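Listed in order, the protein sequences are those of chains A and B. For the first sequence, the UniProt record's numbering assigns the number 1 to the initial residue and increments by one for each residue that follows. For the second sequence, the UniProt record's numbering assigns the number 1 to the initial residue and increments by one for each residue that follows.
Certain hints may be false.
Unchecked claim - Not everything, but these chain B residues come out facing chain A in the computed CB check (under 10 Å):
| id | residue |
| --- | --- |
| 1 | L51 |
| 2 | T52 |
| 3 | E55 |
| 4 | L57 |
| 5 | A58 |
| 6 | Y80 |
| 7 | A81 |
| 8 | G83 |
| 9 | R92 |
| 10 | V94 |
| 11 | I96 |
Stated by the list, open to error - Estimated spans, in silico, between C-beta atoms of each pair:
| id | chain 1 | residue 1 | chain 2 | residue 2 | range |
| --- | --- | --- | --- | --- | --- |
| 12 | B | D90 | A | Q59 | 45 to 53 Å |
| 13 | A | R143 | B | K132 | 29 to 37 Å |
| 14 | B | G21 | A | R184 | 40 to 48 Å |
| 15 | A | G196 | B | P39 | 29 to 37 Å |
| 16 | A | D86 | B | I111 | 30 to 38 Å |
Said to hold, decoys possible - The calculated BS3-like cross-link candidates involving lysine-lysine, where the alpha carbons are at most 30 Å apart (straight line), are:
| id | chain 1 | residue 1 | chain 2 | residue 2 |
| --- | --- | --- | --- | --- |
| 17 | A | K145 | A | K132 |
| 18 | A | K211 | A | K175 |
| 19 | B | K211 | B | K145 |
| 20 | B | K145 | A | K145 |
| 21 | B | K175 | B | K145 |
| 22 | A | K175 | B | K145 |
| 23 | B | K132 | B | K175 |
| 24 | A | K145 | B | K132 |
| 25 | A | K175 | B | K211 |
| 26 | A | K175 | A | K145 |
| 27 | A | K132 | A | K175 |
| 28 | B | K145 | B | K132 |
| 29 | A | K132 | A | K211 |
| 30 | B | K132 | A | K132 |
| 31 | B | K175 | B | K211 |
What the hints contain is simulated information worked out from the structure, not anything from laboratory work. These numbers come from a predicted model, not from an experiment. A virtual CB, placed ideally from N, CA and C, is assigned to each residue, including glycine.
Protein chains: 2
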Amino acid sequence: MSEVVSPNLAVSTVIFRLRPGADGTSELALPLVRRIRAPYEGRWALPGGPLTAHEDLAQAASRTLLATTSLQPRYLEQLYAFGQLDRSPDERVVSIVYWALVASDEAERTIENDNVRWFVADELPELAFDHKLIVEYALWRLRTKLEYSQIAHGFLGETFTLAQLREVYEAVLQKPLDPGNFRRTMEGSGAVVATGERLSGTRHRPPQLYKYDTSVNPADQGPLSHLTAPCTLVPANPSTTSFRTTTHASASGVSA
Amino acid sequence: MSEVVSPNLAVSTVIFRLRPGADGTSELALPLVRRIRAPYEGRWALPGGPLTAHEDLAQAASRTLLATTSLQPRYLEQLYAFGQLDRSPDERVVSIVYWALVASDEAERTIENDNVRWFVADELPELAFDHKLIVEYALWRLRTKLEYSQIAHGFLGETFTLAQLREVYEAVLQKPLDPGNFRRTMEGSGAVVATGERLSGTRHRPPQLYKYDTSVNPADQGPLSHLTAPCTLVPANPSTTSFRTTTHASASGVSA
DNA sequence: GCAAAAGTGTTGTTTCTACACCCATGT
DNA sequence: ACATGGGTGTAGAAACAACACTTTTGC
Chain A
1 MSEVVSPNLA VSTVIFRLRP GADGTSELAL PLVRRIRAPY EGRWALPGGP
51 LTAHEDLAQA ASRTLLATTS LQPRYLEQLY AFGQLDRSPD ERVVSIVYWA
101 LVASDEAERT IENDNVRWFV ADELPELAFD HKLIVEYALW RLRTKLEYSQ
151 IAHGFLGETF TLAQLREVYE AVLQKPLDPG NFRRTMEGSG AVVATGERLS
201 GTRHRPPQLY KYDTSVNPAD QGPLSHLTAP CTLVPANPST TSFRTTTHAS
251 ASGVSA
Chain B
1 MSEVVSPNLA VSTVIFRLRP GADGTSELAL PLVRRIRAPY EGRWALPGGP
51 LTAHEDLAQA ASRTLLATTS LQPRYLEQLY AFGQLDRSPD ERVVSIVYWA
101 LVASDEAERT IENDNVRWFV ADELPELAFD HKLIVEYALW RLRTKLEYSQ
151 IAHGFLGETF TLAQLREVYE AVLQKPLDPG NFRRTMEGSG AVVATGERLS
201 GTRHRPPQLY KYDTSVNPAD QGPLSHLTAP CTLVPANPST TSFRTTTHAS
251 ASGVSA
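Modelling step: build the complete structure from the supplied sequences, incorporating the hints.
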């Protein structure tokens, strides 16, 4: 109803994590917060809030994220600005939406309650505003970008096995991948490098641990890489997986 | 200096056209407008203006575009929202930037004067604000997207020869393409369809005229295709090239 | 030994690339 | 006839996909 010249500006974020699913594989999940005022009171919505005068857009995304869900993402990128006239029933609101990835261990720290909850990405309740459309777009971007960039490690800890990495791809793309070809592709891209350590405690041959080669930053970000993806390099917490790591460098390592 | 909670919201557009270059090939050009007030008075800047309360983001882009350069683009898509704190010296301004393509004949209608001028894309003057960065990003997007989508016809008229289409690719990607392979790729993608007409008046074998198959809309837009690219389908004006078209359907046509 | 996943090798298919060559028109 | 780009054919290279097979651990 307001006749202000400059519409209200808000920032929201679609956050993704992977969590163990029912059938042994991982499934995509995202956190929603329940609205506590009109419009759409009681409905689930994306975490977000108004942009304040002295913060960046990405800063605003991080801040509202932390405030509503207490999450700190490992990857954060702008998704799209939504400004349809009718997206909010009363006032005119333009939302600049970000999307983010968090590692599983970080996601565990969420305090879930009546107003904050993780939902499986393709079993969402009715959402407020146009948030359903926004989530669909974010999902499309995630799936598309996974195939030509190195964002997958946003879901993982500092080190990981190629099987874990493959599981990320399989969960997001929703299709099985050939382990042999996957290994070759990953090692061939140079984006991933063996640490020399191995993971023991599995009931089979201990797999090698890998980490991302941060020096390799292929041209998939564009001239805005320094602007859009400052959070890509946020170091992960030490892995809190239930496996132990041993350090007997094997002969078959790629680069020691 | 303003302490408003909601920053000012502006919309700008990076518009591209192709025009005949010095060496016989085409070159990318974009229109800039001269600023007539502080800050950056006298500097060249992207066309744009404030978002008003009763218009869409894309509408605002179209409106300001028409007002400042009297251009109507054939393709319009959101590029990015720029919101750095220091991008304007005095007030806080968040700019939602679009990028657009116009056909050559449409571009001819620009009324160039002291305050509106086309510049070759990689020979720009000093620009106001962060517009240099914005143009670089738009250029990157154009070049990237050209390779996996069907936006090239945004530069062309309703019908065109494959040589004209190839010229678009060569000018934007700045590298020569093999005519034979280009033809096969284009025909194989199904995005382009022969009209049956041919272009006469050249001093060699008359090439076939093609048009875009509008029914083919591959999944390169995402769930927002209906939202982001409403201008993609704007029909072009009848071709005003200096060639004549004849209509003798030849036997070697692909589909009549 | 057996199961199970790690890791390597191989083969056939598809796609890409370079380039040769014929075709149809204007001059 | 000849120059010029339109249009087609094709052989080699590279990338991809499917799947067999060997290795190393826990049990």
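- Using the C-beta atoms of G21 of chain B and R184 of chain A, is the stated range 40 to 48 Å upheld? Since the Cβ atoms of G21 of chain B and R184 of chain A sit about 44 Å apart, the hinted range of 40 to 48 Å holds.
- Given hint V94 of chain B near chain A, where the shortest CB pair must fall under 10 Å: At 6 Å from the nearest chain A Cβ, V94 of chain B passes the 10 Å test, so the hint holds.
- For the hint on E55 of chain B, just tell me whether its beta-carbon gets within less than 10 Å of chain A. The hint holds - E55 of chain B has a Cβ within 10 Å of chain A, the shortest such distance being about 8 Å.
- Decide if the proposed pair is consistent with the structure: K175 of chain A and K145 of chain A, CA atoms, cutoff 30 Å inclusive. Satisfied, since the Cα-Cα distance of roughly 16 Å is no more than 30 Å.
- Under the criterion that the straight-line Cα-Cα distance not exceed 30 Å, is the pair K211 of chain A, K175 of chain A satisfied? Holds, at roughly 24 Å.
- Message: Next item in the hint list is A81 of chain B. Is there a CB on chain A closer than 10 Å to its CB?
- Response: Since chain A brings a Cβ to about 5 Å from A81 of chain B, closer than 10 Å, the hint holds.
- Message: Next item in the hint list is L57 of chain B. Is there a CB on chain A closer than 10 Å to its CB?
- Response: holds, 4 Å
- Minimum beta-carbon distance criterion (10 Å), I96 of chain B to chain A: With Cβ-Cβ at 5 Å, under 10 Å, it holds.
- Starting from the hint 29 to 37 Å, judge whether the C-beta atoms of G196 of chain A and P39 of chain B obey it. About 55 Å separates the Cβ atoms of G196 of chain A and P39 of chain B, which means 29 to 37 Å is violated.
- Interface hint compliance - Y80 of chain B to chain A, C-beta minimum distance less than 10 Å: holds, 7 Å
- Item | Given pair status - K145 of chain B, K175 of chain B, alpha carbons within 30 Å | Holds: K175 of chain B and K145 of chain B sit about 16 Å apart, inside 30 Å.
- Message: For K132 of chain A and K211 of chain A, compute the direct alpha-carbon distance and say whether it is at most 30 Å.
- Response: violated, 35 Å
Violation of the numbered hints given earlier is confined to hints 12, 15, 25, 29, 30; the remaining hints are satisfied by the structure.
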